[in-house]
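The listed protein sequences correspond, in order, to chains A and B. According to our numbering, the residues represented by the first sequence are 1 to 334, in order. According to our numbering, the residues represented by the second sequence are 1001 to 1193, in order.
Keep in mind that a hint or two might mislead.
Derived pair list, reagent style SDA-like, types lysine to any residue, alpha-carbon separation capped at 25 Å [what the hints assert, rightly or not]:
#1 A:39 / B:1022
#2 B:1141 / B:1081
#3 A:269 / A:253
#4 A:39 / B:1092
#5 B:1141 / B:1051
#6 A:39 / B:1025
#7 A:322 / B:1096
Source of the hints: derived by calculation from the structure; they are not laboratory data.
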Amino acid sequence: MSETNMEAFAVDPNEPAVRNAGLLPFVEAARRQTPPPLKVDAASITQAWAQRRATKRRTLAIAVAAGLGALALGGLYGNRSTEPQSSVTPAAVPAVATAPRNAPSAPVAENVVEPPAPELEPAPVQLAATVRLTGAADEPAPQYRVEGPYEVTLERGTAVLSVEDPTQPLVVHVPDGSLEIHAGVTQVVIAGDVSHVAVLEGKTFRITRDGAREELAPTVAKNDKRAPTLESPEADEPTAEELAEKAEQRLTAGDRKGAIKHLGQLVRKYPRSGAARTGLLDLARLLKADGQKAEARCAYQEFLHRHPRSPVTDEVERALDKLGDGQCRGLKPQ
Amino acid sequence: MIAVALAHVGDMDAHSVLVAAQRGDAAAQAAVFDAHKHQVAARILKMTGDTASVDDLVQEVFIAAFAALGSFRGDAQLDTWLYRITVNKVRNWWDAQRRRRKRESNPVMTRAESPATPEEQTQTAEHRRRLYDALAELPSKYREAFVARAIENMTLAEASEALGVPVSTVSFRTRKAETLLCQALGLEMESGR
Chain A
1 MSETNMEAFA VDPNEPAVRN AGLLPFVEAA RRQTPPPLKV DAASITQAWA
51 QRRATKRRTL AIAVAAGLGA LALGGLYGNR STEPQSSVTP AAVPAVATAP
101 RNAPSAPVAE NVVEPPAPEL EPAPVQLAAT VRLTGAADEP APQYRVEGPY
151 EVTLERGTAV LSVEDPTQPL VVHVPDGSLE IHAGVTQVVI AGDVSHVAVL
201 EGKTFRITRD GAREELAPTV AKNDKRAPTL ESPEADEPTA EELAEKAEQR
251 LTAGDRKGAI KHLGQLVRKY PRSGAARTGL LDLARLLKAD GQKAEARCAY
301 QEFLHRHPRS PVTDEVERAL DKLGDGQCRG LKPQ
Chain B
1001 MIAVALAHVG DMDAHSVLVA AQRGDAAAQA AVFDAHKHQV AARILKMTGD
1051 TASVDDLVQE VFIAAFAALG SFRGDAQLDT WLYRITVNKV RNWWDAQRRR
1101 RKRESNPVMT RAESPATPEE QTQTAEHRRR LYDALAELPS KYREAFVARA
1151 IENMTLAEAS EALGVPVSTV SFRTRKAETL LCQALGLEME SGR
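Based on the provided sequences and hints, a complete structural model is requested.
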């Protein structure tokens, strides 16, 4: 009997869910599972929700700019540039107030009412896979305590903290307050009761003990160029942010290939930067829109390789499926 | 069992909490999350059998729920609505697992197990692993019906409401899933069914 013609089939409302006695031990084993203590909390979900919405709006803006730019060039790319950007459509963006891009998210946490809901057991204390804490060459080794997957207390020494996931900022407690590293790489030196912070890539906020919050400017060298980063020993080279900005400028001007070139440099030179994360997705979409499907596939695969726990994994998987099979070595098709 | 449990925040009633959560009010979203998080986590685990994915999927479910609260009109219970979101997210998760295994040419899924007693480790855990490996090969609609009826222990009517399909469809899909699972697990098919 097929599913389409079974409506007339008489169903006993009390029929057992499992009829085969041999299957029951398997089902019982599945029923007896105990969920692990949840590491995710309401504040992080609210924050991720707001940031994802902001990211979607930015992606939409890029898509619109690309479309307008292509149209302005005489329709050379007009038809293809209207390709839907993943699942992002105007209708998919909730029409409610939201924080602007990169807006501080601390007020969200302040409003959260945390009822006493004890977990089943203490969560294992280790940093998330998207967070890295290392020492710096020729500097005192850092002494620190991991408070949670996205929370650490620095006690002394020099630490280099790298955060890959812009939706999950790392909170760093230091003697004179705390820091929020939203994405990128930041170096923190603890000297007695004072912390010295150098933002090498991405965005970092300092929250003082009285609650004041300020975004820290990226470290700038004396010659007014960006300081060398962990991934960019050459100070003369453009930073990740500069490459991302150039790509957006090329898109706005309708120069898709120019944007692809800058995004390619961004994701190759600064693979761990926050800009590279979104840049890699933008690169994949632009390559696809440009008809370079094999390269687009490699960019999507590279994204999954670099960010296996990303919240947009499902969307990327779906995009990848549409592009079919193929082998890649990094960003290059084989 | 499907039951509505929505925490109140101060003097706000359930409707006000939902409206505030829809607007992005963090306290209201926290109330919705806290009222439902454990139930959603338990369901995800029963649907996937993978403790390592529970946190990510819980987050996905609630982010999707907050983004789509505007479409929740109260015709269904919030709990049922969350169940459907969970089913969709878990379906994507199974699809991704399948694609990943195909890409990596690895037919065996690595599954993080819950802490278990030695007895469980020798038998229950093995049963669980084999069942979820077999469930991975089922079409989504059969797997979802079987999980709702057999593992979540829902009645036909409850599973029908939760999955949004007629009772007869739930019955058919559950039986079909059972047949396929028995074949995959090497169990003898019992007569008289």
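Taking the hints in turn, this is what the structure says about them:
no., hint, in the structure
1, A:39 / B:1022, "24 Å, holds"
2, B:1141 / B:1081, "17 Å, holds"
3, A:269 / A:253, "24 Å, holds"
4, A:39 / B:1092, "22 Å, holds"
5, B:1141 / B:1051, "22 Å, holds"
6, A:39 / B:1025, "22 Å, holds"
7, A:322 / B:1096, "14 Å, holds"
Figure legend: structure checked against the earlier numbered hints; every hint is met.
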